[in-house]
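Given only the sequences and the hints, what does the whole structure look like? Please build it.
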Amino acid sequence: MNETLKQIEQFHGHLGPYAVIGFKMGLVANKMLSSDPFSKKAVVWTGKNPPLSCIVDGIQISSGCTFGKGNIQVKNEGIAKADFSTNDGKQLQIILKPNIRKEIDTRVTEKNMISYSEKIFKKSNEELFEII
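Here the working numbering = 1-based position in the sequence shown + 765.
Worth flagging that the hints you see were computed from the coordinates, not collected in a lab. Watch out, some of these pointers could steer you wrong.
As the list claims (entries may be wrong) - Pair ranges (Cβ atoms, derived):
| # | residue 1 | residue 2 | range |
| --- | --- | --- | --- |
| 1 | K840 | T871 | 18 to 26 Å |
| 2 | E768 | S800 | 12 to 20 Å |
| 3 | S804 | I879 | 32 to 40 Å |
For every residue, glycine included, the Cβ atom is placed at its ideal position computed from N, Cα and C.
Okay, structure coming up:
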């Protein structure tokens, strides 16, 4: 397992595909908006119930939007989506593609969770997300 996946595992408590998805969402926001964690905010639409809410931990790790800084908010909608905005008005919406969510929800088991998470980590942003 590479160092980034180990970091996700350490923060989240285990390595799962939704934590990896959130991590990759945060990287997209850093690249497209700003890498400064104090200049952006995140609204995550997953709700607070695992496994979908695991996206929130991944976003915190990579984007720097954290509960401690008060620049992340979770909406209880059950949607694999995150909205990012910057202090200067730039906005970005990242939505997990429905086929990827279906694949995770139907194919991931305790036995294949780590290998599947590694597979998700290697996928391109274009394969995983609709970016608006």
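Practice task
State, for the Cβ atoms of S804 and I879, whether the hinted interval 32 to 40 Å holds or is violated.
Solution key: Distance hint for S804, I879 holds at roughly 34 Å.
Problem - S800 and E768 - C-beta distance against the hinted 12 to 20 Å - result: holds (19 Å)
Exercise for the section: Could you say whether the range 18 to 26 Å given as a hint is met by the Cβ separation of K840 and T871? Expected result: About 25 Å separates the Cβ atoms of K840 and T871, which means 18 to 26 Å holds.
Going through the hint list in order, the structure satisfies each hint without exception.
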